[in-house]
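J.: I would like the entire structure built from these sequences, with the hints used as guidance.
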Amino acid sequence: MDTMNTQSVNMAFGIESCNDQTVIVRVGKALDFRNAAQFKATCHEQARQGVQNFILDFSETGILDSTGLGSIFSLYRQVSPMNGQVVFAAVSRPVQVVVQLTRTYKVFRQFPSLEAAREALH
Amino acid sequence: MKLGRYSFRNARSLIQEVHTLLDHDLPALDGLENVPTEHWLKLKLALHEWIANLAQHADFRGQPLEVSVSLTYVDHTFWCVVEDNSTGFDLTSRLLTQTKRLQACPERGMGLLMLQALSGELSYSIAEEGICRLEFSISSSGDAWLNIPF
Chain W
1 MDTMNTQSVN
11 MAFGIESCND
21 QTVIVRVGKA
31 LDFRNAAQFK
41 ATCHEQARQG
51 VQNFILDFSE
61 TGILDSTGLG
71 SIFSLYRQVS
81 PMNGQVVFAA
91 VSRPVQVVVQ
101 LTRTYKVFRQ
111 FPSLEAAREA
121 LH
Chain C
1 MKLGRYSFRN
11 ARSLIQEVHT
21 LLDHDLPALD
31 GLENVPTEHW
41 LKLKLALHEW
51 IANLAQHADF
61 RGQPLEVSVS
71 LTYVDHTFWC
81 VVEDNSTGFD
91 LTSRLLTQTK
101 RLQACPERGM
111 GLLMLQALSG
121 ELSYSIAEEG
131 ICRLEFSISS
141 SGDAWLNIPF
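Chain order of the listed sequences is W and C. Each residue of the first sequence is one higher than the one before, starting from 1 at the first, in my numbering. Each residue of the second sequence is one higher than the one before, starting from 1 at the first, in my numbering.
Derived by calculation from the structure, the hints in this document are not laboratory data. Possibly wrong hints are sitting among the right ones.
[Said to hold, decoys possible] Straight-line C-alpha distance at most 25 Å; calculated SDA-like pairs for lysine to any residue:
| id | chain 1 | residue 1 | chain 2 | residue 2 |
| --- | --- | --- | --- | --- |
| 1 | C | LYS2 | C | SER68 |
| 2 | W | LYS40 | C | ALA104 |
| 3 | C | LYS100 | C | GLY120 |
| 4 | C | LYS2 | C | LEU14 |
| 5 | W | LYS29 | W | GLY14 |
| 6 | W | LYS29 | C | ASN53 |
| 7 | W | LYS40 | C | LEU14 |
| 8 | W | LYS29 | C | ARG61 |
| 9 | W | LYS29 | C | LEU22 |
| 10 | W | LYS29 | C | PHE8 |
| 11 | C | LYS2 | C | CYS132 |
| 12 | W | LYS40 | C | ALA58 |
| 13 | W | LYS40 | C | GLN98 |
| 14 | C | LYS100 | W | VAL99 |
[To be verified] Distance windows between CB atoms, simulated:
| id | chain 1 | residue 1 | chain 2 | residue 2 | range |
| --- | --- | --- | --- | --- | --- |
| 15 | W | ALA116 | C | PHE89 | 41 to 47 Å |
| 16 | C | SER141 | W | LYS29 | 28 to 34 Å |
| 17 | C | GLU121 | W | GLN38 | 31 to 37 Å |
Glycine is no exception: its CB is placed at the ideal position from the N, C-alpha and C atoms.
T.: So, in structure tokens, the structure goes:
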């Protein structure tokens, strides 16, 4: 049978460095069960290289599901012992629905724009 | 207002086809112009979580996948029925187990709980003919909340 687990979202997560400790992650159109493992691997590699702060750019994101959110929690657990932060920027309406449903604004600070997030973490 | 019954048989494109249905096809139907965007997004998230659960965990006994989605909109509420030909599972006990096991900032186990939190009515049955049937409603009102420990 053609398994659905082979479905993938055709994209790599763009990483933009702000400074030695902070990067912007361009989440793109989806962060869900199809690409959460890729997101996790990408971000954990950044953390392994010393990045502590992650600005997640959700400006183009049409779906964030439970698996995608779980991968963000995984990143949070990795960087928080180092006083690192994971913040949300330019949150799209579909992502905002998940944020409100799960009350994750209590854990992840939100900024209206990338510029505001970058300034706050500078 | 019946919004139709949609069948899906391509496992590889299933989730994208469902997204297209909810993002483009259904909102374009006459009579749904005033449905708030947030209402569509809650329906999309709930349906996505169920389809994702099928994609990752369902056992189709080696048979070609058959999934149908039927939607109705009545009194500011979406009613959604999803039927599939998997072996099914005990949703009630799975929800109880996942509620008990929910850790702080969990990496797994939130999907069905998110569906439950979004839904007003939620029922699941496995018919003798080998068809599993999930039915749930998504209201435009109310403040859905999944209590995740942080």
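J.: Below or equal to 25 Å on CA atoms is what counts here, so check C:LYS2 against C:LEU14.
T.: holds (22 Å)
J.: With the threshold set at 25 Å, check whether the alpha-carbon distance from W:LYS40 to C:LEU14 stays at or below it.
T.: Cα-Cα ~24 Å, so holds.
J.: Verify the proposed pairing of W:LYS29 with C:LEU22, using a straight-line Cα cut of 25 Å.
T.: Roughly 15 Å separates the two Cα atoms, so the pair holds.
J.: Is it true that C:SER141 and W:LYS29 lie within 28 to 34 Å of each other by Cβ?
T.: Holds, at about 29 Å.
J.: Checking one constraint from the list: CA of C:LYS2 to CA of C:SER68, max 25 Å. Satisfied?
T.: holds (15 Å)
J.: Holds or violated: C:LYS100 and W:VAL99, Cα atoms, limit 25 Å.
T.: holds (22 Å)
J.: Quick one, are W:LYS29 and C:ASN53 close enough, alpha carbons at most 25 Å?
T.: Distance of about 20 Å is within 25 Å: holds.
J.: Evaluate the given range 41 to 47 Å for the C-beta pair formed by W:ALA116 and C:PHE89.
T.: holds (44 Å)
J.: Between the alpha carbons of W:LYS29 and W:GLY14, is the straight-line distance 25 Å or under?
T.: holds (12 Å)
J.: Taken at face value, is the distance from the CA of C:ALA58 to the CA of W:LYS40 at most 25 Å?
T.: holds (24 Å)
J.: Taken at face value, is the distance from the CA of C:CYS132 to the CA of C:LYS2 at most 25 Å?
T.: The given pair, whose Cα atoms are some 21 Å apart, holds under the 25 Å limit.
J.: So the hint says 31 to 37 Å: do the beta-carbon atoms of C:GLU121 and W:GLN38 match that?
T.: Roughly 36 Å apart at Cβ, these two residues keep to the hinted range, so it holds.
Of the numbered hints given earlier, the model fails hint 8 alone.
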